[in-house]
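Residue numbers (my numbering), protein chains in the order written: chain A, 1 to 367; chain D, 1 to 302; chain W, 1 to 351.
Keep in mind that a hint or two might mislead.
Pair by pair, the computed Cβ-Cβ distance ranges are [said to hold, decoys possible]:
(1) A:G92 with D:P33: 44 to 50 Å
(2) D:F211 with W:G305: 22 to 28 Å
(3) D:E288 with A:R157: 51 to 57 Å
(4) D:L77 with A:E214: 19 to 25 Å
(5) D:V239 with W:Q74: 38 to 44 Å
(6) A:K215 with D:L92: 33 to 39 Å
Among the chain A residues that face chain D by a calculated CB cut under 8 Å, a handful are [as the list claims (entries may be wrong)]:
(7) I221
(8) T222
(9) V353
(10) Q356
(11) R359
These aren't lab readings, by the way, just hints derived from the structure by calculation. Heads up, the beta-carbon is just placed ideally off N, CA and C, and yes, glycines get one too.
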Amino acid sequence: MSEHDFSRRTFIKTVGVASVAAAALSFPFIKASAGDMKFHGKTLRLLTWSDDTGLAALRNIAATFEAKTGAKVIADRTGSTSEMVAKLKAGGDRPQYDIITLAGVGAEGLASAGLLEKPDLNRIPNLRDVPAQYQTGADGHGIGYLLWCNSLIYSTRTVKEAPDSYAALWDKDMAPNIFLPPPNWTEAMDLIIIAAKLAGGDAHNVEPGFKLLEKLKDRVITLGENPNQIAELFRTGSLDMGGLYAPAFFPKQIRDPSYGLGATFGMKEGFYTDLMLSVMPKHRPGDTDLAYAFIDHSLDPLVQGKMAEDIFNGPVNAKAIISAEARKSPYILTPEQISEKAIMHDNAFLATVHDQWIRRYTEIFSS
Amino acid sequence: MALSTLTRQVGVAPLRPAKTFSPTARAWLFLSPAMLFLGVLIAASLLVLRMSVGTKGAEWSGFSLASYAQLLEPYYLKSLLLTLRLALVSALIAVLLAIPVGYCMSRLQSPLLRRVFLAAVLLPLLVNLLLQSYGWLVILGPGGMVNQALMGLGLIDRPVMLLYNQTGVLMGLVQTAFPLAVLPIASAMRGVSRSYEEAAATLGASRAQVFRQVVLPMSLPGIITGATLVFAYNASSFVVLLLLGGRRVPMLAVMVHDQIAPLMNWPAASAAGVVLIVTTLAIMTFSEFVTGRRRRILEASQ
Amino acid sequence: MSGLVLENVEKHYGSACAVTDVNLHLPEGKLVCFLGPSGCGKTTLLRMIAGLETLSAGEIRLDGQDIGHTPAHQRNFGMVFQSLALFPHMTVGENIAYPLKLRGVNKADQQARVSELLQLIQLQEMLDRPVAKLSGGQRQRVAIARAIAARPKLLLLDEPLSALDAKLRESMQVEIRQLQQRLNITTILVTHDQREAMTMADIVVVLGEHRVQQVGTPIEIYRNPANAFVADFIGSGNIFPAIALGHGRVGLPGGAALQVPICESIHAGTSIKMLVRPEDLQLSLPQATAGNRLQGTVTFVRDSGATIETTIACSGVSLTALSTPCQGIGLGIGSPVSVTIPAEACRVLTA
Numbered sequence: 001m002s003e004h005d006f007s008r009r010t011f012i013k014t015v016g017v018a019s020v021a022a023a024a025l026s027f028p029f030i031k032a033s034a035g036d037m038k039f040h041g042k043t044l045r046l047l048t049w050s051d052d053t054g055l056a057a058l059r060n061i062a063a064t065f066e067a068k069t070g071a072k073v074i075a076d077r078t079g080s081t082s083e084m085v086a087k088l089k090a091g092g093d094r095p096q097y098d099i100i101t102l103a104g105v106g107a108e109g110l111a112s113a114g115l116l117e118k119p120d121l122n123r124i125p126n127l128r129d130v131p132a133q134y135q136t137g138a139d140g141h142g143i144g145y146l147l148w149c150n151s152l153i154y155s156t157r158t159v160k161e162a163p164d165s166y167a168a169l170w171d172k173d174m175a176p177n178i179f180l181p182p183p184n185w186t187e188a189m190d191l192i193i194i195a196a197k198l199a200g201g202d203a204h205n206v207e208p209g210f211k212l213l214e215k216l217k218d219r220v221i222t223l224g225e226n227p228n229q230i231a232e233l234f235r236t237g238s239l240d241m242g243g244l245y246a247p248a249f250f251p252k253q254i255r256d257p258s259y260g261l262g263a264t265f266g267m268k269e270g271f272y273t274d275l276m277l278s279v280m281p282k283h284r285p286g287d288t289d290l291a292y293a294f295i296d297h298s299l300d301p302l303v304q305g306k307m308a309e310d311i312f313n314g315p316v317n318a319k320a321i322i323s324a325e326a327r328k329s330p331y332i333l334t335p336e337q338i339s340e341k342a343i344m345h346d347n348a349f350l351a352t353v354h355d356q357w358i359r360r361y362t363e364i365f366s367s
Numbered sequence: 001m002a003l004s005t006l007t008r009q010v011g012v013a014p015l016r017p018a019k020t021f022s023p024t025a026r027a028w029l030f031l032s033p034a035m036l037f038l039g040v041l042i043a044a045s046l047l048v049l050r051m052s053v054g055t056k057g058a059e060w061s062g063f064s065l066a067s068y069a070q071l072l073e074p075y076y077l078k079s080l081l082l083t084l085r086l087a088l089v090s091a092l093i094a095v096l097l098a099i100p101v102g103y104c105m106s107r108l109q110s111p112l113l114r115r116v117f118l119a120a121v122l123l124p125l126l127v128n129l130l131l132q133s134y135g136w137l138v139i140l141g142p143g144g145m146v147n148q149a150l151m152g153l154g155l156i157d158r159p160v161m162l163l164y165n166q167t168g169v170l171m172g173l174v175q176t177a178f179p180l181a182v183l184p185i186a187s188a189m190r191g192v193s194r195s196y197e198e199a200a201a202t203l204g205a206s207r208a209q210v211f212r213q214v215v216l217p218m219s220l221p222g223i224i225t226g227a228t229l230v231f232a233y234n235a236s237s238f239v240v241l242l243l244l245g246g247r248r249v250p251m252l253a254v255m256v257h258d259q260i261a262p263l264m265n266w267p268a269a270s271a272a273g274v275v276l277i278v279t280t281l282a283i284m285t286f287s288e289f290v291t292g293r294r295r296r297i298l299e300a301s302q
Numbered sequence: 001m002s003g004l005v006l007e008n009v010e011k012h013y014g015s016a017c018a019v020t021d022v023n024l025h026l027p028e029g030k031l032v033c034f035l036g037p038s039g040c041g042k043t044t045l046l047r048m049i050a051g052l053e054t055l056s057a058g059e060i061r062l063d064g065q066d067i068g069h070t071p072a073h074q075r076n077f078g079m080v081f082q083s084l085a086l087f088p089h090m091t092v093g094e095n096i097a098y099p100l101k102l103r104g105v106n107k108a109d110q111q112a113r114v115s116e117l118l119q120l121i122q123l124q125e126m127l128d129r130p131v132a133k134l135s136g137g138q139r140q141r142v143a144i145a146r147a148i149a150a151r152p153k154l155l156l157l158d159e160p161l162s163a164l165d166a167k168l169r170e171s172m173q174v175e176i177r178q179l180q181q182r183l184n185i186t187t188i189l190v191t192h193d194q195r196e197a198m199t200m201a202d203i204v205v206v207l208g209e210h211r212v213q214q215v216g217t218p219i220e221i222y223r224n225p226a227n228a229f230v231a232d233f234i235g236s237g238n239i240f241p242a243i244a245l246g247h248g249r250v251g252l253p254g255g256a257a258l259q260v261p262i263c264e265s266i267h268a269g270t271s272i273k274m275l276v277r278p279e280d281l282q283l284s285l286p287q288a289t290a291g292n293r294l295q296g297t298v299t300f301v302r303d304s305g306a307t308i309e310t311t312i313a314c315s316g317v318s319l320t321a322l323s324t325p326c327q328g329i330g331l332g333i334g335s336p337v338s339v340t341i342p343a344e345a346c347r348v349l350t351a
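The task is simple: from the sequences and hints, build the whole structure.
Below, the structure is given as structure tokens:
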């Protein structure tokens, strides 16, 4: 998963869930029943992202959780995973949050600093429908709650048919102007592996991949640090294709035809995913049962389906309910597609080569 | 004597209870908020210095110069040189552009016009950098106005890349730091009274000669200050690189950022930061050394 | 006509008039003083001559050539500013050499001229000093040396001494005057200090209310002021209203009459103004009224040691007399006194 530093740094700080309560009314798919109101009056403190994914989590997870249980969710939203790590580290043994949703890298950092509690999987019933590889991350300290899925982005105006292979990036006629992910993002690491495989190598023999990437240099307009800028470049006809990049970065622009923005997961090589985790800090301020209930709620098949439809992220729950309408969309991933095509990268391995690969990638594309 | 009686009576007016603070102590007391603030800033820098000789995962307890040794690799040296070069070139361009603007501002008579000018110069500071970068995109982007005009005129058939490379970064650096160059220059030029220009004119100097031989040398301290500010500001520039460099211009600030996220290598990031600070300080000291004598002479006479 | 000629020169800023209707001829080699109160337009006039202000109307000619629209840097005039405007980034020598450098004089000649000038102003050893290290008087001299370095056709001095203390100012006045005479350079000095003008000028141009009031030698201006403005501005004078009675006599408000050198064109019954300089009044112990001797009462005495100023109420006017201590007759406030006003000391002023 990327650090998506820039996109998530929209500088909207603490926003109460109340602000999206109105939106929640239009999603009355979770029926509140009197019996579930056992957490009435209790408060859960949540730290999530400030971008569209974070907003969607407030709409689809937090608001419905409040409706179902009567608990109050106070959400704090911040720009990037590294900021979340910094916030929690600054809190020391008196953390301000009960639940944090963040990328695997951050969870690993917090876990190795000894700041996280290992959740008891038995207290999360919905986990039984989650395939094993998505259940936990960060050495069991995090519970998977959605998959950050990277696609190939293309211009629906200049690229007539959705590309079915990453090799399309090297097709000068199909896509004269392309963009790639910035070197510090995990997407760049995945791209290096893809290039290596296309050139006959693999993750442990990436040199051919770097050679292949060098051929792209002259056609690379930008290494897209800022999703809004990327969308703008597509809108103005300056880009034809690019990736790896998650459509979750710009769900609004993808829905807006004036951008001519398309995204596809249909590559025959599969698509790369990064598991987003919910973690529980040690010495949380709030109720433990409530925290478990919240994590369980985030894995509810209905909630998972809504999240996937809303912001084009992959559901981890294999029984996630995706509407028939949504199934027609090329951007909305179904549990079936995920089980067939999703590739999870090896975080532990990447950590050992990350530094070197960033350098090579930076050098190759330096203007 | 009647007079002394008078003065004594005034003196007899009840004194406030004698304070035990000496004037020196009071002066220090007065300075203490500033000192406290500076102290925090310096402490933060010292913490960075400490981390730079730590090791990854043991930033506070370990000791190693490996982070500095790593900076000697061509990858980082090239980045440092690129950083200094872009900062220097942007400072030169910004100052060259700021000199006529600053002169104009310093010679405007109407207070209204002066305020309008000032607002125009300060605009880059007031408008969010993200918005500014969209402005650049609209003008210079591959599908922007300049490229469309050039293509419309048949001068080019493919868009010229004006952004997402060093040219784009340079333009962004000049634009964002422009007020830092204009303000000290305009203020220095306002200090050059008109009578110097008139004196030179009556002695036989044409307008160009007056400007070159009197106004410029006399406002040199302001010009150097402007250049130094732009240089220091741009040497550590980060956002411009992301927005207009397309992540393809690896200045040192980006390296520092990469070390922190995603690599979480605080010692390496700190070492790069320390090197950037030290190099910038060294260059600023050098420029002060070179121009200090003249600056002191000018200041003594004004 | 040689020298500097100003014809119908006029300057206004928008609707505000700075100076108007100036017609002057400044002969070669003379020191001409523009004298007037602040705001009278004297500096504006000087700046127009220097080329630092444009003319709103009129002509300026130098030796018959129209220079009214020549840019300042092509006029070859030397000017010393009130602030002196010595260049702080240059040494004394560089300041003086600057006009020579601008004219493309070669290095050797520059040096020769600079040392010649430094000798003239007696600052030989200051050649390489920065100007910030000089005293006020030294700066003054350097500014003059710089202004005359390129042998200008005209030297313009804009209140150059106003920043100096009184004693230094007086010695500089003499110094500048001597220098001017030695170099025989046509010079215009702007000042509001009439003593300075009297000390230095060959010709004084009194400016007031945006126009030229009188042109003449210092003594002419003092002795025969053209009008009440000049009389009032130059020196101290007793100016009082009177009525022409005919046959060379005027009547004072209190009824007394004086014999004065009044010109015949002024008809009897006309209201006029009289000027009598204080030093021309003669005081004596009360005597019978006769001729121009009037009776009065002392209302104030100011004894400054060197001179005694006695103010007397006399026939409806207040007169001030100036006498030396040895002429003193021991008057106090309230003393009756006789005042003699010599007929030849009286001046009739037109409004």
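These are the hints, each one checked on the structure:
no.: 1; hint: A:G92 with D:P33: 44 to 50 Å; in the structure: violated, 28 Å
no.: 2; hint: D:F211 with W:G305: 22 to 28 Å; in the structure: violated, 56 Å
no.: 3; hint: D:E288 with A:R157: 51 to 57 Å; in the structure: holds, 56 Å
no.: 4; hint: D:L77 with A:E214: 19 to 25 Å; in the structure: holds, 22 Å
no.: 5; hint: D:V239 with W:Q74: 38 to 44 Å; in the structure: violated, 52 Å
no.: 6; hint: A:K215 with D:L92: 33 to 39 Å; in the structure: holds, 36 Å
no.: 7; hint: I221; in the structure: holds, 6 Å
no.: 8; hint: T222; in the structure: holds, 3 Å
no.: 9; hint: V353; in the structure: violated, 11 Å
no.: 10; hint: Q356; in the structure: violated, 10 Å
no.: 11; hint: R359; in the structure: holds, 5 Å
The structure fails to meet hints 1, 2, 5, 9 and 10 from the earlier list, while all remaining hints are met.
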